[in-house]
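The hints should help you fit chains G and V onto chain P, whose structure is shown.
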Amino acid sequence: MSSETPKFEARDLTRTYGHGKKLRVAVDRVSFTIGDEQIVSLVGQSGCGKTVLAKMLLRLERPSSGELHFAGQPIARVPDRRHHWRRVQAVFQDPFSAFNQFFTIRSQLKSSFHLFEKSPADAEMEERIDHALRAVNIEPQEVEGKYPFELSGGQMQRMLLARIFILRPEVLIADEPTSMVDACSRASILDYLMKLKRELAMTIVFVTHDIGLAYYVSDSIFIMHEGRIVEQGPPDQVTQAPKSEITRQLLDDIPQLNRDWLKRGTPSDRPANRTA
Amino acid sequence: MAPVLEVDHLRVHYLTRFGVKIQAVDDVSFRLEEGQILGIAGESGCGKTTLVSGCMGLYIPPLHHTSGDVRIAGRSIIGLGPEQNRREVLGRRISIIPQGALNSLNPTRKIKDLAADMILSHDESADKKQIHERLRQRFERIGMDAEQVLGAYPVELPAGMKQRAVIGISTLLDPKVVIADEPTSALDVSTQKAVIRLLFDLMDEGIVSSMIFITHELPLLRHVSSSIAVMYAGEFVEVGTTEEVIYHPRHPYTKALMSSTLSAEPGQRIRKPVAIEGAPPNLAKPMVGCRFAERCPTVRPACHTERQHLRLVEGRQVRCDYVE
Amino acid sequence: MKLLLGLFKSPSFLVGIGLFSATVLLALGAPLFFHVDPYTRVGLPFLPPSSAHWLGTDHMGVDMFSMLVTGLRSSLEVGLVAGTVATLAGTLIGVYGGFKGGLVDDVLTAATNLFLVIPSLIVLILLSSSLEHGRSLFLIALIIGCTTWTWSARAVRAQSASLRGRDHVNLARINGYGTFGIVVLHILPYLLSYIFMVFILQTATGILAEASISMLGLGPYDSVSLGKILNEAIRNEALTDGAWWAFAPAMFLVTVIAFALFVINTSMEGVFNPRLRK
Numbered sequence: 083m084s085s086e087t088p089k090f091e092a093r094d095l096t097r098t099y100g101h102g103k104k105l106r107v108a109v110d111r112v113s114f115t116i117g118d119e120q121i122v123s124l125v126g127q128s129g130c131g132k133t134v135l136a137k138m139l140l141r142l143e144r145p146s147s148g149e150l151h152f153a154g155q156p157i158a159r160v161p162d163r164r165h166h167w168r169r170v171q172a173v174f175q176d177p178f179s180a181f182n183q184f185f186t187i188r189s190q191l192k193s194s195f196h197l198f199e200k201s202p203a204d205a206e207m208e209e210r211i212d213h214a215l216r217a218v219n220i221e222p223q224e225v226e227g228k229y230p231f232e233l234s235g236g237q238m239q240r241m242l243l244a245r246i247f248i249l250r251p252e253v254l255i256a257d258e259p260t261s262m263v264d265a266c267s268r269a270s271i272l273d274y275l276m277k278l279k280r281e282l283a284m285t286i287v288f289v290t291h292d293i294g295l296a297y298y299v300s301d302s303i304f305i306m307h308e309g310r311i312v313e314q315g316p317p318d319q320v321t322q323a324p325k326s327e328i329t330r331q332l333l334d335d336i337p338q339l340n341r342d343w344l345k346r347g348t349p350s351d352r353p354a355n356r357t358a
Numbered sequence: 039m040a041p042v043l044e045v046d047h048l049r050v051h052y053l054t055r056f057g058v059k060i061q062a063v064d065d066v067s068f069r070l071e072e073g074q075i076l077g078i079a080g081e082s083g084c085g086k087t088t089l090v091s092g093c094m095g096l097y098i099p100p101l102h103h104t105s106g107d108v109r110i111a112g113r114s115i116i117g118l119g120p121e122q123n124r125r126e127v128l129g130r131r132i133s134i135i136p137q138g139a140l141n142s143l144n145p146t147r148k149i150k151d152l153a154a155d156m157i158l159s160h161d162e163s164a165d166k167k168q169i170h171e172r173l174r175q176r177f178e179r180i181g182m183d184a185e186q187v188l189g190a191y192p193v194e195l196p197a198g199m200k201q202r203a204v205i206g207i208s209t210l211l212d213p214k215v216v217i218a219d220e221p222t223s224a225l226d227v228s229t230q231k232a233v234i235r236l237l238f239d240l241m242d243e244g245i246v247s248s249m250i251f252i253t254h255e256l257p258l259l260r261h262v263s264s265s266i267a268v269m270y271a272g273e274f275v276e277v278g279t280t281e282e283v284i285y286h287p288r289h290p291y292t293k294a295l296m297s298s299t300l301s302a303e304p305g306q307r308i309r310k311p312v313a314i315e316g317a318p319p320n321l322a323k324p325m326v327g328c329r330f331a332e333r334c335p336t337v338r339p340a341c342h343t344e345r346q347h348l349r350l351v352e353g354r355q356v357r358c359d360y361v362e
Numbered sequence: 078m079k080l081l082l083g084l085f086k087s088p089s090f091l092v093g094i095g096l097f098s099a100t101v102l103l104a105l106g107a108p109l110f111f112h113v114d115p116y117t118r119v120g121l122p123f124l125p126p127s128s129a130h131w132l133g134t135d136h137m138g139v140d141m142f143s144m145l146v147t148g149l150r151s152s153l154e155v156g157l158v159a160g161t162v163a164t165l166a167g168t169l170i171g172v173y174g175g176f177k178g179g180l181v182d183d184v185l186t187a188a189t190n191l192f193l194v195i196p197s198l199i200v201l202i203l204l205s206s207s208l209e210h211g212r213s214l215f216l217i218a219l220i221i222g223c224t225t226w227t228w229s230a231r232a233v234r235a236q237s238a239s240l241r242g243r244d245h246v247n248l249a250r251i252n253g254y255g256t257f258g259i260v261v262l263h264i265l266p267y268l269l270s271y272i273f274m275v276f277i278l279q280t281a282t283g284i285l286a287e288a289s290i291s292m293l294g295l296g297p298y299d300s301v302s303l304g305k306i307l308n309e310a311i312r313n314e315a316l317t318d319g320a321w322w323a324f325a326p327a328m329f330l331v332t333v334i335a336f337a338l339f340v341i342n343t344s345m346e347g348v349f350n351p352r353l354r355k
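Chains as they are written, first to last, in the working numbering: chain P, 83 to 358; chain G, 39 to 362; chain V, 78 to 355.
Hint data in this document are derived by calculation from the structure and do not stem from the laboratory.
Check before you lean on any hint, since a few could be wrong.
DSS-like, lysine-lysine: derived pairs with alpha carbons at most 30 Å apart [stated by the list, open to error]: (1) V:177 <-> P:192; (2) G:293 <-> P:277; (3) P:228 <-> G:148.
Okay, chain P solo, but in the shape it has when bound (with noise of 0.2 Å):
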């Protein structure tokens, strides 16, 4: 059952770097609400601010004016980052560097267990990793002890979702999970989000280039752009209906099946030969 207090609230959130001349906006007075037990897509071009969007809901980075509630609180009431981070955590991008090459998977699975106040009996954590491995579809003794760059780019990225079924938080933030993924291997990965949404009422932050990632998975939309949110709302509205010129360069800018992409006729227009 969903609450009725928003998990995410910000007001004029703003985040800069650098100062005087070299000042650089990334974050630009920015308001939204995030609901509970939602995924919703933060869409944009590298560059306009998604990241550091996501990272400051992470606590990763700190606003520079602006409010940003989370919970129904403001978000750095309590000094002590932990707490955060046991009801908000995240997935990263590229999912070989977000595993230190020097230790085994599973190792470094259970390090996640550090941020519990109280660890749990060691049979009690080897059981929870075990059955985190096996909710995305990976078999324990497939990983035993093997260390990151035996992996593939899959796999990985999968490490990084068993993480979250290991810690349970009430919130995922999800950084371009699918970019570093080879395309097959993509919808898995959004259906593992639509899993830990479903089975453990996570409420879900995904950041993404592509807005065709985004309708697949989100409950709503919002599109960035310089540090702007330019549009938000549920994906059909914003995909069928798009009213910035962001938007529909987002939707223009994804290649399609029953679209001329480039705008250039099709390749077998060109003057080739059909043989292989």
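Only chains G and V this time, still in chain P's reference frame:
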């Protein structure tokens, strides 16, 4: 007219430090004609990048040539030493835009110096001033702000511009064939479009005559190539025109690839993608039977023991005996 | 592990480690096989090399070969101690400042730059000369270490800062690890090979620094070192007397050790290239 690039039963292997032989490319053949764009699609690890090195003659240990031939404009490049290969073949006849190129640019050199380095490695006598001038002209011609880009360091440029600069540099010597290895993987969709447009501009301008486009996103090839070869575990499993392969895939792997990619078309009903279970086979182990058997949704008992060969099915090649 | 095997294939590494091992063997092994006595007069001063005394005698008539071997050992010890101290100090300061960033980094960098700017040789000279009594080998090594750490600090700091923003560090943060945990588990392992290279260079620096101040007469008073040999040769006009054996071998050895260490370091750079991902 001789095909621009001919690959004839090429086999390429890696020899690991412990003596293990990995047959990364196992009997691949194809021809690339003038003006043609060939797309090669496959997951990470299927051998496509190794195939590229093989086509370029880049047999640097641990990569070794097993057997087969590669001919560019009729002349074989197998057997040329690395020096000769570098001088005559690379960059001049055939050029590559490597995977992750934008991340391997030397951060301490300006773009124009990187380009000069590349040219000087092919022709020591080239005049630096001339090179810079030629660079400037070329970049302007392909629609890039030469002043800004050439004088910049790689860190100063956004990813999209870096990739386009890499493409500009790689094609400076007007190679006949350009191989683009996952040129759009790490880029956002808007930049992807710009990069692919650039590749097409190069072809339109006659700078490049033919192209091989490598990707893991099969649907992308619908907009890029006129013919497609689908690669799996070191072999081609389906080869045909883009129309045929994309809209009427026959090999179970091609079908799986198409149905697992999210071509979420906003506004239309979403077709639920079906993920391909399992992982590609370990190429270090000897393989018996069909390599896709472990993951094939329509596998039969015979598939595990009988090696599949390419056969002609309605005008295209498919590596599966049970497809009609 | 595979990297180490790769090292042994590098010719420059083999040359470097060969030379260095030879000097270590000489220093440690010679006393076991030959009669080494740097304290007893065994003949007239400045006797030329002969079959009895391979490198002749020094200004006091002591066997030069013994002096050299003993001095070699002292110099190596000083180098290692100084190198260790400098590497430890530099690494601690560099890693911490690089990782923390902000004010902490600014303060530590300012301190490092301050030390960097002060000519270490002058400091060494001043410190050594103020310690009229008590200039032991160990103390000298300590002083050298404390004045040459700045280079390590800067080098390590740069590496540490570049690791700070990595995703695996972020992941450790959101796993609730504090600064200490992250530095030890997630930063240091990535820097180990780099720190090892730093150590090699610092050792070479230590040996050269000791040779310099000992040559100026400010070295350890209680033991023989290569620099001290040089100093005594100068003071007793060995060169003008034509007694090259009192001077040249020591000079040669200092050069060889430093060269060997530098070559090892360079060859390691080629193998341990901080391309941390393939």
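To see whether the hints hold, each was checked on the structure:
no. : hint            : result
1   : V:177 <-> P:192 : 26 Å, holds
2   : G:293 <-> P:277 : 25 Å, holds
3   : P:228 <-> G:148 : 40 Å, violated
When held up to the earlier numbered hints, the structure conflicts with hint 3 and nothing else.
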